[in-house]
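Peer 1: Here are the chains, one letter per residue:
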Amino acid sequence: MMNAMRQRLTAMSVGIPLLLLGAPRLSAQTADPPAAQTAATSEQARIEELERRLRELESRLRELEAAAPKPLEPVAPPALPPREDPPAQPAVPSLGPPVSSDETATASRTGPISGYMDFHLNKPEHEDPVLDFHRFVLLFNHSFTDRLRFVGELELEHAFVSGLEPSGEVELEQAYLDFRVKPALNFRAGMLLAPVGIINERHEPPSFFGVERPFVDTFIIPTTWFDAGAGVHGTIGNGWQYRAYVMPPLDATRITAEEGLQEATQKGFESNVRNVAGTGRLEYVGFPGLTAGASFWRGKTSFNFPRTDSRVGLLEFDGRYHAGWFGARGEFAHVFIDGAAELNDFLQLTTGVNPNIASEMRGFYIEPSIRPLPGIRLDVGAFLRYENFDTQFKMPPGVLPLKQFDRSAWVIGGSYYPDPDVVLKIDYSIIRNRSSLFRSVDSLNVGIGWWF
Amino acid sequence: MATTLRRRASLACATLFVVLASPSSFSQEPNVVRVTAERYTFTPSHIKVKRGTIVELRLRSEDTNHGFHIVGSPFNAIIPKRGRGEATLVFRADSVGRYTFECSKMCGAGHNFMRGTLTVEE
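Protein sequences, first through last, are from chains A and B. For the first sequence, this note's numbering begins at 123 and goes up steadily by one. For the second sequence, this note's numbering begins at 62 and goes up steadily by one.
Same shape as in the complex, but just chain A (with noise of 0.2 Å):
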């Protein structure tokens, strides 16, 4: 084997050198003689030093030969660090048989604590600007088993919170147990986010553009929407879907003119349940990038008022999409209650002011947008949306609507994501209604958020 290797080095060596001296050989023999001669003394320097040096490599041959007693022994190429994800290697793993949640029931396992924040500064026109620490919202989760599984979030808004004092608030938002029967059949019971629209179950900052949500998902559809309750949920056919839940109802005292349901959730706090609302999404996602998805909420609200029958139904609508660089999501909501005119006038006999509660309310949104990654290194998006929101978009008979409540808005604004999970926001809000005496407030709004 030695002696092979030595006649590979030495015709290396040798053949090589030649060759290469070979090519100026012939390009020499058309210069002139001076140069020809020049070039011949220059070749023989060379080859003489190849020579020299071809001494000493076989001389430095011969001295590992003598020093080597035995031919090396193959050494075993070092063992590579374990992998999560099985080795693509002609020894396929095999996936085995299915086996049954009961039977990998593990050990209880706790997870690790996930989170989302994001902090505003916010630039109303015409006033100061107010920079606010908007959400600290940490995540749990716990395993009891395969089955059986925690999810807590627990969420401070505006950063500071005093008794009797205007200030921030600490909301559980979720705390559920879930009960895993089969993917398309499971129960869930605790705090819950009500089902309905895009933003209710998706608000970690990086997953919507914008510094605010949408004027839709605050007015119209009270965003973080949450409530004790239970139900079912799951996934049927292939890309199917569903939760149903129920829940405590709506409470018709908190409900108004300007600001819709914003308030009207009874948010877990002893919620009075002497009847329950029933609530529901179906959501198709079986196309890459799209998600198209329906919501309805429906239930008695008027429980301070027991003489009145007043119901609050809900019907959504939305949808996402995005392919390569391009985005939309769009989203439309109406509210009906039922037996607004007997609220009004119940409410007026109590408190001494008619709240002008509407027997209708409606919003909807839509909102191209851009995010160009990966084909710009540089993660960043913008988007327009136009947002139109009327909290009195149909009065009682004989109740004329305010115009002040009936608006729109556009938005216009970027995100710039270092990482995935962390995003930096500008947008600036030029909000109108229709209304000749009260004029609405354009902003400017700067956020930073992120989830981890």
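Quick caveat, the hints were computed from the structure, so don't treat them as lab data. Among the clues, some could well be false.
Said to hold, decoys possible - Here are the simulated EDC-like cross-link-like pairs (lysine to aspartate or glutamate), alpha carbons at most 20 Å apart as the crow flies:
1. A:Lys245 with A:Asp300
2. A:Lys389 with A:Asp373
3. B:Lys142 with A:Asp541
4. A:Lys516 with A:Glu380
5. A:Lys516 with A:Asp467
6. B:Lys142 with A:Asp543
7. A:Lys245 with A:Glu293
8. B:Lys166 with A:Asp300
9. A:Lys422 with A:Glu464
10. B:Lys166 with A:Asp543
11. A:Lys516 with A:Glu381
12. B:Lys142 with A:Asp501
13. B:Lys142 with B:Glu123
14. B:Lys111 with B:Asp155
15. A:Lys525 with A:Asp564
16. B:Lys109 with B:Glu183
17. B:Lys109 with B:Glu90
18. B:Lys166 with A:Asp541
Source: prediction; values computed, not measured.
With chain A's structure known, arrange chain B on it following the hints.
Peer 2: Then chain B, alone, in the frame of chain A:
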């Protein structure tokens, strides 16, 4: 001209021979299935394969890190964040049956909705 054509044909034949004769990683071509994860869905969420096939799942995320765990098996992968490549799971589907896969990394409020099924058919 004819000589050039003959040389090119010989080169093409030689290349084809090398490609066909080179040892493959698998005795059969894997059935490649591309899965996209995004809060809070896998697309496709229902995967069907034939028994005996080698399945290569190529997993990509449209947003944050997700996990991909086939319940009852050791197969568990962390899917890189958007724009940071893909994770790959390779296995032989030897047994007929229905498997559940799920996101194994907390990814947001709807994390527990991220599930799907893998069906191995005859």
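Peer 1: A separate judgement is required for each hint: does it hold in the structure or not?
Peer 2: So, going through the hints one by one against the coordinates:
Proposed proximity of Lys245 (chain A) and Asp300 (chain A) is contradicted: the alpha carbons are some 42 Å apart, above 20 Å. Taking the CA atoms of Lys389 (chain A) and Asp373 (chain A), the gap is near 10 Å; set against the 20 Å cutoff, the hint holds. Pair hint Lys142 (chain B) plus Asp541 (chain A) holds up; C-alpha atoms about 9 Å apart against a cutoff of 20 Å. A distance of roughly 13 Å separates the Cα atoms of Lys516 (chain A) and Glu380 (chain A); the hinted pair therefore holds under the 20 Å criterion.
In summary, the hint linking Lys516 (chain A) to Asp467 (chain A) is supported, as the alpha carbons are separated by about 17 Å, within the 20 Å threshold. Of the pairs offered as hints, the one joining Lys142 (chain B) and Asp543 (chain A) holds, with about 8 Å between alpha carbons and a cut-off of 20 Å not exceeded. At roughly 26 Å between alpha-carbon atoms, Lys245 (chain A) and Glu293 (chain A) are farther apart than 20 Å, so this suggested pair is violated. Proximity of Lys166 (chain B) to Asp300 (chain A) is assessed by CA-CA distance (about 16 Å); at most 20 Å being required, the pair is judged to hold.
Distance check on the hinted pair: Lys422 (chain A) and Glu464 (chain A) sit about 14 Å apart at the alpha-carbon level, within 20 Å; holds. Pair hint Lys166 (chain B) plus Asp543 (chain A) holds up; C-alpha atoms about 14 Å apart against a cutoff of 20 Å. Restraint check: the Cα-Cα separation between Lys516 (chain A) and Glu381 (chain A) comes to about 15 Å, which is no more than 20 Å; the hinted pair holds. Distance check on the hinted pair: Lys142 (chain B) and Asp501 (chain A) sit about 12 Å apart at the alpha-carbon level, within 20 Å; holds.
Between Lys142 (chain B) and Glu123 (chain B), the direct Cα distance comes to roughly 7 Å. Compliance with the 20 Å bound is thereby established for this hinted pair. Under the criterion of a C-alpha separation no larger than 20 Å, the hint pairing Lys111 (chain B) with Asp155 (chain B) is consistent with the structure, at around 9 Å. For the proposed pair Lys525 (chain A) and Asp564 (chain A), the alpha carbon gap of about 18 Å is at most 20 Å, so the pair holds. Restraint check for Lys109 (chain B) and Glu183 (chain B): satisfied, since their Cα atoms lie roughly 11 Å apart, inside the 20 Å limit.
Note on Lys109 (chain B) and Glu90 (chain B): the hinted pairing holds, with a Cα-Cα distance of about 17 Å set against a maximum of 20 Å. Pair hint Lys166 (chain B) plus Asp541 (chain A) holds up; C-alpha atoms about 18 Å apart against a cutoff of 20 Å.
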